[in-house]
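Here are the chains, one letter per residue:
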Amino acid sequence: MDADTALHLALARPESMAERSAAEWAPLLAAARESALLGTLWHLADDAGLAEDLPEPVASHLWGAALIAEHRSQALVWELHRLAEGLLSRMSPGVALKGAAYLAAGLPNARGRLANDIDLLFPRSEVERAEKLLFFEGWSGTHHNVYDQRYYREWMHELPPLVHQHRGTTLDLHHNILPETFRGHPDPARLRQQSQALPEPFRFRVLCPAHLVLHAIVHLFSETEWDRGLRDLYDIHVLLDHFGARDGDAFWEHFVAEAEALNIAWMAERALWTANRLLLTEIPPEPVKRLARARAGIALRGLGRWSFVHGLHTRAGSITPRRDAVARGMLFLRGHWLKMPAGLLARHLFHKAFLAEKPETATAQPQPDQHG
Amino acid sequence: MRIADLGQTRLQCSLAGRGLYLRTGPFTSRIQSPIASVARSIESLYRDFEVADSQGFYDFHCELRAPRSHRRFYRPQVLFLSDRRSVFKPLAYHQAYPMLEWGLNWCIANQVPHRLVLHAAALERDGKALILPAPPGSGKSTLCAALAHHGWRLLTDESVLVDLATSEVSGPARPVSLKNDSIRVIRDACPSAVLSTPIADTLKGAVAHMRPPTDAVRRGHETARPGWIVFPRYQPGAPTRLKPRTAGSGFMQLIANAFNYAALGARGFHSAGRLVEQSACFDFSYSRLDEAIEQFDRLADGR
Chain H
1 MDADTALHLA LARPESMAER SAAEWAPLLA AARESALLGT LWHLADDAGL AEDLPEPVAS
61 HLWGAALIAE HRSQALVWEL HRLAEGLLSR MSPGVALKGA AYLAAGLPNA RGRLANDIDL
121 LFPRSEVERA EKLLFFEGWS GTHHNVYDQR YYREWMHELP PLVHQHRGTT LDLHHNILPE
181 TFRGHPDPAR LRQQSQALPE PFRFRVLCPA HLVLHAIVHL FSETEWDRGL RDLYDIHVLL
241 DHFGARDGDA FWEHFVAEAE ALNIAWMAER ALWTANRLLL TEIPPEPVKR LARARAGIAL
301 RGLGRWSFVH GLHTRAGSIT PRRDAVARGM LFLRGHWLKM PAGLLARHLF HKAFLAEKPE
361 TATAQPQPDQ HG
Chain R
1001 MRIADLGQTR LQCSLAGRGL YLRTGPFTSR IQSPIASVAR SIESLYRDFE VADSQGFYDF
1061 HCELRAPRSH RRFYRPQVLF LSDRRSVFKP LAYHQAYPML EWGLNWCIAN QVPHRLVLHA
1121 AALERDGKAL ILPAPPGSGK STLCAALAHH GWRLLTDESV LVDLATSEVS GPARPVSLKN
1181 DSIRVIRDAC PSAVLSTPIA DTLKGAVAHM RPPTDAVRRG HETARPGWIV FPRYQPGAPT
1241 RLKPRTAGSG FMQLIANAFN YAALGARGFH SAGRLVEQSA CFDFSYSRLD EAIEQFDRLA
1301 DGR
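If you're matching them up, the sequences are chains H and R in order. Mapping of the first sequence onto this note's numbering: residues 1 to 372, in sequence order. Mapping of the second sequence onto this note's numbering: residues 1001 to 1303, in sequence order.
Don't read these hints as lab results, they were simulated from the structure. For every residue, glycine included, the Cβ atom is placed at its ideal position computed from N, Cα and C. Some hints here could point you the wrong way.
[To be verified] Far from chain R by the CB rule (all over 10 Å, computed), these chain H residues:
hint, residue
1, 30
2, 34
3, 125
4, 368
[Claimed, not checked] Restraint-style ranges between C-beta atoms, simulated for each label pair:
hint, chain 1, residue 1, chain 2, residue 2, range
5, H, 136, R, 1239, 49 to 55 Å
6, R, 1008, H, 299, 36 to 42 Å
7, R, 1288, H, 22, 47 to 53 Å
8, H, 16, R, 1273, 36 to 42 Å
9, R, 1070, H, 75, 55 to 61 Å
10, R, 1036, H, 353, 37 to 43 Å
11, R, 1252, H, 75, 18 to 24 Å
Could you put the whole structure together from the sequences, leaning on the hints where they help?
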């Protein structure tokens, strides 16, 4: 079995990990490492009672990754407490999004998940006040040039990322879940109104179950870079599974109604199809039927689905690297096309190509001699 | 089966084909490369290393090849790929073998989450580990290569692995990287050492690799108890001097040389803490290698 299929199966049916041979495990680990899912696999294997039976080196890699994820989670929770106790307590509580929300709400996809930055949602009118308050606690802005400032503050759904001066943690302040310039954009008041308080001692709120999943969907299906997309798809899979099992039809009813109310039923339709196709997510017939109205036309539907499946392949584990590269290119164009109207997009790409300073990013490749 | 038993042709075939499964200490690396200089260097420097089953597990997947662009013909370059992704800026084609060594170091530093990984050299004597953490230019590798031929068993010259539960020390016992003047120094001090032909004009100047002693390779899976942590500093003209360092400052200096200390959180702290508590910490400055070797003999003998 190829590594990507084996990884999808491990996520969908953890007991399948018992059938992997040593030769299959190596590329499977590489694919999981690339998707930041090693720690997740450890917990899935452990829950399925397989942890003892894994080959020794496999168990070491998975267990080590789970350790690192655990430490990151502890650090993130600590950071959330600092934020809640600090100057932000002068404002009405913000809504924690993504990793921070999964962790604080104790959702099943949080275990083993490598949390990166903290995302908080405030009303548009208050988000810059939050930024100013946080400055006094050591959070300073990035992206200082005029163009980038305008890009974020006028067109995006979040401010330029804040970085803590001493700890290096990244904090994103959002006022919506999609850019202002995005085709069809949701009403953020609706998200905040239905948000739920977290249990003590957290002062932040989290989105209601339907919005939580819809945000995970929006995050992946508006993306231009699908490199770690499988992790996002796994979030969608686990959240649907969890809330569907807990609240049954009531959850699905609310999910579809909210997808429509927020103008993102079309993204939800694509997400349900993809999650079911790759991770065997169980979806009742009713929501599928109701979301079918939001399907793309027959010609684009096939192409879109083909590019989602191939775009979610890993570089380490795929057996169709050329097709995946084409799909990634298509998804890149699609993401940009959705993000901005054509005129603005042309202007933005022109700026990025010819006028913008080339940043010295952390992703730049290092010189090899730093290792020897 | 060892590399020496494999023979040149089969070695080249596996490197150019599905890959050579090379066992180094606790790790198996799958290495693919059609480049002749890589095959030649592996044949010579990894002579005593074990070849693992090519139907089995591997920890790291490395590939060295020319870029698929005009740079495979015009002033040719070489890329290092880990899990099919290029991780470094390309180097000139003739530097392929040093790039493999640097790349394998990168893999250990970035893809080993279950051990505390220190940027340091380490050797063993009587079951006890001598750890030499130091920044480049401190003479760490030179000292390590010399000690490896004077009564100490080589554990590693670059990446020390510390067990998170027991703080036992191990290393992959791979070839030792020597730069510029240290190549001549080691040739003089250790006549039995086998060195690769130096490659000039790398980012670090001239680079050669030393074949690890056979005994060190055969015992590559044996761990060592914490013994000594010595921070070496080569200073031209300086007298040989070993000065005790407090455990606290030794700890701080040790974690400054760790790759994944911060990522491991409390476990990294306890592992490094146990290692320092069970070791004696020193600062060491030297300029003469023979005196340095004597000094470390005295340290091992408890004199």
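Now for the hints, and whether the structure bears them out:
1. 30: violated (4 Å)
2. 34: violated (6 Å)
3. 125: holds (38 Å)
4. 368: With a cut-off of 10 Å, residue 368 of chain H comes too close to chain R, as the shortest Cβ separation is near 4 Å.
5. H:136 / R:1239: 49 to 55 Å: About 53 Å separates the Cβ atoms of residue 136 of chain H and residue 1239 of chain R, which means 49 to 55 Å holds.
6. R:1008 / H:299: 36 to 42 Å: 56 Å Cβ-Cβ, so the 36 to 42 Å window is violated.
7. R:1288 / H:22: 47 to 53 Å: Distance hint for residue 1288 of chain R, residue 22 of chain H holds at roughly 49 Å.
8. H:16 / R:1273: 36 to 42 Å: holds (40 Å)
9. R:1070 / H:75: 55 to 61 Å: With a Cβ separation near 46 Å, residue 1070 of chain R and residue 75 of chain H fall outside 55 to 61 Å, so the hint is violated.
10. R:1036 / H:353: 37 to 43 Å: At roughly 40 Å between Cβ atoms, residue 353 of chain H and residue 1036 of chain R fall inside 37 to 43 Å, so the hint holds.
11. R:1252 / H:75: 18 to 24 Å: Holds: the Cβ-Cβ distance is about 20 Å, inside 18 to 24 Å.
In the structure shown, a violation is registered for the earlier hints numbered 1, 2, 4, 6 and 9, in ascending order.
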